[in-house]
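Chains as they are written, first to last, in this note's numbering: chain A, 22 to 477; chain B, 22 to 477.
Source of the hints: derived by calculation from the structure; they are not laboratory data.
Each hint should be verified, as a subset may be incorrect.
Listed next, with one range per pair, are the computed distances between beta-carbon atoms [what the hints assert, rightly or not]:
| no. | chain 1 | residue 1 | chain 2 | residue 2 | range |
| --- | --- | --- | --- | --- | --- |
| 1 | B | R75 | A | A370 | 16 to 26 Å |
| 2 | B | P286 | A | A361 | 18 to 28 Å |
| 3 | B | I186 | A | W72 | 39 to 49 Å |
| 4 | A | S381 | B | A408 | 53 to 63 Å |
| 5 | B | T379 | A | S381 | 39 to 49 Å |
| 6 | B | I186 | A | G312 | 52 to 62 Å |
| 7 | B | K353 | A | D58 | 41 to 51 Å |
| 8 | B | A309 | A | E407 | 46 to 56 Å |
This structure is a prediction, so every number in the text was calculated from the model and none was measured.
No residue lacks a Cβ here, since even glycine has one placed at the ideal position from N, Cα and C.
There are 2 protein chains.
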Amino acid sequence: MAFGTASPRRAPGRLKSWELDEARLRQLKVNQNRLMDELHHTCQWGTGERWGPRDTETGMRRLSLSDADKEARDWFVDATRALGCDISVDAMGNTFAVRPGREQGPATFAGSHLDTQPSGGRYDGILGILAGVEMLRVLQENRVETAFPVGVVNWTNEEGARFPISMMSSGVWAGDIPIGHAHALQEVGGGTATVKSELERIGYLGLIPTSYEAMPMAAHFELHIEQGPILEKEEQKIGIVKGVQAYRWYTVEVIGQEAHTGTTPFGSRADALLAASRMICASHTAAADHGALASTGVLTLSPGSVNTIPGKVKFSLDIRAPSDNIVDRLEKHLKSDFDAIVSTESTKALPLSVTWRTDSVSPAIHFHKDCIAVVRASANSVLGGEALLREMVSGAGHDSVYASRRCPTSMIFVPSRNGISHNPKEYTSPEDCAIGAEVLLQSVLRYDGLRSNLNS
Amino acid sequence: MAFGTASPRRAPGRLKSWELDEARLRQLKVNQNRLMDELHHTCQWGTGERWGPRDTETGMRRLSLSDADKEARDWFVDATRALGCDISVDAMGNTFAVRPGREQGPATFAGSHLDTQPSGGRYDGILGILAGVEMLRVLQENRVETAFPVGVVNWTNEEGARFPISMMSSGVWAGDIPIGHAHALQEVGGGTATVKSELERIGYLGLIPTSYEAMPMAAHFELHIEQGPILEKEEQKIGIVKGVQAYRWYTVEVIGQEAHTGTTPFGSRADALLAASRMICASHTAAADHGALASTGVLTLSPGSVNTIPGKVKFSLDIRAPSDNIVDRLEKHLKSDFDAIVSTESTKALPLSVTWRTDSVSPAIHFHKDCIAVVRASANSVLGGEALLREMVSGAGHDSVYASRRCPTSMIFVPSRNGISHNPKEYTSPEDCAIGAEVLLQSVLRYDGLRSNLNS
Ligand SMILES: [Zn+2]
Ligand SMILES: [Zn+2]
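One chain only, chain A, in its complex shape (with noise of 0.2 Å):
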């Protein structure tokens, strides 16, 4: 593999961001094949699911804190280390790889995650660090000095696959997970291993605290899939994501009366399932009505025979949207249309009851205006203008929540094909990934601009 060299046509000496004009920006290029030739190089460390005939073409399975992922963290360290930068490992495992700048401070990071699902692809968390690389890169062969430092932070378990928080040592950084809950966590599927255990075998048990006290960030920005379809039917090609969807998750139980099915006339039923149904169908329309969204992914029924009513059912209900005001009246509408199909449903001799309860509750996060405005000019200027691009909310968790709470945070999307992800053929194209890692260079750098122009 090339590491590439400074283009002749640019201009020689040291560039320094803080004199970088859009003009000068535009001409700092990321090297499309170099990123997806490193990106790919990095997937033989825990390669799954075949789908396709090029080498390619397989999905990833490199659970948090296993050997496959001790090899990528390996990788990373060697990698950035070799790009000039210092590396930290905090009590998470959390490797913080920083560039120097100018000046001392804390480092404007791109950041994301090795971590796969167990039947994942090649570019959910994996796309965020090796644009992160491939950053310090042209960087380095374009000799630019920053005002600040600039790093890439590998967050530790991500995904909560193997141990069961997502999100995990992003959250401990923020202060919102205790570090002694997640050290004690034990990997799912019965195994004895703990995070702590794990992090120690294979070698990334930190001396430094986990904590944004300990490790500061000036700003955090992720480049990520979208994971949804929007960007590819409406033929954009950036997400300048602002925040991510509020979410409630709920168990609704309706409770009927278990009958025959041949014996019972419609009049003398108590069906919860056909109740259950109509509160189904009611969250699609109501959540439509207001903006957002609403799902069941889980529905478990007894007794469970062709001939007998249901008794009883249990179903998950996921409702989001883009602010908590709207989750809010979501969930007094809903609760309100369900009492209503209950008493609808309920003949006088067999009521129904519908209960709720709250499993699950997550605000929605707003990121930083300054951020956004950030990835916006980077996005136009590599686009060429508005058209490709447009403002999103994301709709899945990422660290970038977590970080969110403790500096100026904003994220960047790229298209997903078919809007698939957590599945072997998560694919977004080798362009999109390109112009995914440029927008993110530039955003770094225009944040560190900012930076040196407000202390100047």
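Starting from the structure of chain A, add chain B with the ligands where the hints point.
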């Protein structure tokens, strides 16, 4: 237990069934206390779950061909033999107790079953047999001579609970189920006992072939609890059962596309559960419009994760109506409804599809007009008018379905409290049991009289 003696008020000497006018028929009274005492006496064999404080407030668990079933059968043989019956046991353990008449010929039977569900009650099947034995007692104490033989038949494994074919041995008798298949059937739950080995073990593997030719019946009347809520709701006492609903069972499979609940807008989904919910609602509406029933008792989905839109849903569909034509029309209607739902819900990129599998087809059964007329006349006589009786169609299968294929048949329904059956709490009041038994008694005598008139 007193066996009763002829009432001194009744005519001395022998009553002849073919000479009984309305007034004399009405004098033949069922002894309610004796009937109920005897019924609860037999519930000592296979007593089930307790639901109330009184001795008789338990359910039943008397699985076919179990030790408890053998004891109930032995009681049946002893009791009917003591009442002057000849006993025949066929190769399926069906037990025919026949009281001779003036002339030779096939008997007019009261029939039902002594086996129960694993978590059943004291009335389903049991009432029909006990009312038959009470009928023999009333005939004996009143010294009634019938024109032709009358009898009581206990059919083996009606419930299909231990050996998984419902109405198994009336089905063999009717020639619809091959005896080899029935004999070889293994008990559910992994045991190695077969129908034949259990018949041998409890001493009920009879020598007579199981066949309507070897053991012809002149008619078959079955007193049974309704197992539904209609009589209780309408405050009526007797259901004159004109036949059994047609029913069909299907498995409907809806295929959509798994996707993330947070990142996939409604317009990009192919939500198999939302489509299935719309289908379940639509099946209810269409069935109501057709005067039919539609029910879903089983529903499974995959992958079954809170934040994943289900890509596949399978559900059972049970449709029933009094005639085959209605079931036909409803099936066509629903196939078109479900196709419409699938095309409305499908987005261009992600089509949904629906497929039907027919699991079971049971045509409508129409009972014999003479038997229906005889039951109507008897119910009229016992209830003193039309107000407390109604014609009905049975929603569930019974041995009378197979009996009706080979001899004139009808059924008599009495109220089920709260419509509950196949449950320990199944209950019919002593008054209602006695009314039903009296209608059964009169029906058998009236039918015997009808045969006698036809032959004279
Ligand atoms: Zn990710
Ligand atoms: Zn029954």
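*Any of the earlier hints contradicted here, and which numbers?*
7
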